[in-house]
Amino acid sequence: MRLAGLLLLAAGCALVYSAVVLLHTVGERAGFVLAGLGVEIGGLVLVFRSHLRPRGEKK
Amino acid sequence: MSETAMALTAVFLLPIPLAAAAVALMNAGLGRSRSASHALLSSLCAFAIAAVAYALTAPLFLGAHPFDDPAKVPAACIGMLGAGLAAIIPLGAGADRWRLGATCVSAAILGGIVNPLVAHWIWGGGWLAQLGLRYGLGRGYLDTGGAASIHAVGGIAALSIAWVLGPRRGRYSGDGMPAAIPGHNTVLVLFACLLALMGWFGLNASGAILFNGIPAGRVAPIFVNTMLSASAAALASAALTRVRFGRPDPSLCANAWIGGLVASSAGSAFMAPAVAALAGGVAGALVTLSVEWLDFHLEVDDPGGSISAHAVGGLWGLLALGLFGRVPDSGQSVAQLVGIATLLGLVLPASYAWNWLLDRFYRQRISPEGELQGLDLFELGAGAYPEFVIHREDFYQR
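Top line first, the protein sequences correspond to chains A and B. For the first sequence, the residue numbers in the numbering used here are 1 to 59. For the second sequence, the residue numbers in the numbering used here are 1001 to 1398.
Hints listed in this document are in silico derivations from the structure and should not be mistaken for laboratory results. No false leads were slipped in.
Restraint-style ranges between C-beta atoms, simulated for each label pair:
(1) A/V21 / B/R1360: 34 to 44 Å
(2) B/P1182 / A/S18: 44 to 54 Å
(3) B/G1063 / A/V21: 23 to 33 Å
(4) B/P1059 / A/S18: 31 to 41 Å
(5) B/G1174 / A/T25: 49 to 59 Å
(6) B/L1380 / A/L22: 49 to 59 Å
(7) A/L34 / B/W1293: 14 to 24 Å
(8) A/R2 / B/G1246: 37 to 47 Å
(9) B/P1368 / A/H24: 51 to 61 Å
(10) A/R49 / B/M1177: 16 to 26 Å
(11) A/R2 / B/L1289: 24 to 34 Å
(12) B/R1363 / A/S18: 36 to 46 Å
(13) B/L1133 / A/S18: 17 to 27 Å
(14) A/A4 / B/A1071: 39 to 49 Å
From the three backbone atoms N, C-alpha and C, an ideal C-beta is built for every residue, glycine too.
Work out the full structure, taking the sequences as your base and the hints as a guide.
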């Protein structure tokens, strides 16, 4: 789950760069940049969840 | 740049080390008394190593002889001080359990590679700075005083190190409830807030002149915005903690103050005073809520509040500049979002990877015995407060 989250973070970033380079209007770019950030937030959630230890395990 | 502007920039560079001193004092004050000396020595070593590492790698980012060419010296100086400051920030998240040797290696990577690379992208005419020219996105990615290159980078490294080290011993019970481990010196923490203000005046003013083309005679509004942002953040936190817990919380107010300063670093040169105060107030609320969220729900043990104050405050400040900044060109919000996406999607995985790899080869966390005894005695052989033995059974050398 941790690796998947980190890969999602990078994938979201790649989506953002692609949008900036390939699209032309500010509106289109804004839409895809937001989508890329959404993917990154998904990745961030996965990485956070992967660091939660199972309940009952004392730290 | 005119001679007057150069002279004023040099004057504004002088107080920047106070920002580093403030962050170091906060990290020490919010940690345990048995690790106070270690916290401050770690800060000094991290600052020194990051500065040396920056000096070694600066020619890669600034061109040949950055410290000999009079035109490049101011940028090299603010870069070096920024690298040192960025290297101190993660120490707050690793307090009470991060080995001195590991902090030094981590500071070298942060100060010698990550911080100058991101700073080059933003301040050195790199691809983020050129988003406006190449793709018509506003004036390109804007960051007046290092909200991204210094604070968000440092805060993201703090999150990585908190993950790699894990929480302090006894921090969480079996059901995930955090045990209170209060900071040992609130006086240091609150004094650090006032020191930080001086440092941020220097950071924001010199950054605005050097990297945003603000005339040297027009830096007074930047001071006003910096002050208003920090004040609104601290007051928002005081009000929020008063409503939620029945009384204001000093450590959260201090973290919010720093968060407000960090947020002001992004756009203090491009905001009206009322907007800067609004952005600061939101930053204070976000920092306060994120400290609680990280601690209670995500089990991220960050004794110094570095992640919330520097990463959350910095990212919010960068977004607020895009939303409310006085930049006439369209697409500025998109440029700011691209920068935020870079910090989250590129810097965070890279930061996690280098800390994880380092931990494989050179264990970053202190041994359980060292954590019980305190880092002062275990790694340095003497405590910060030898005349005041607070935890007798743990403090004595065994």
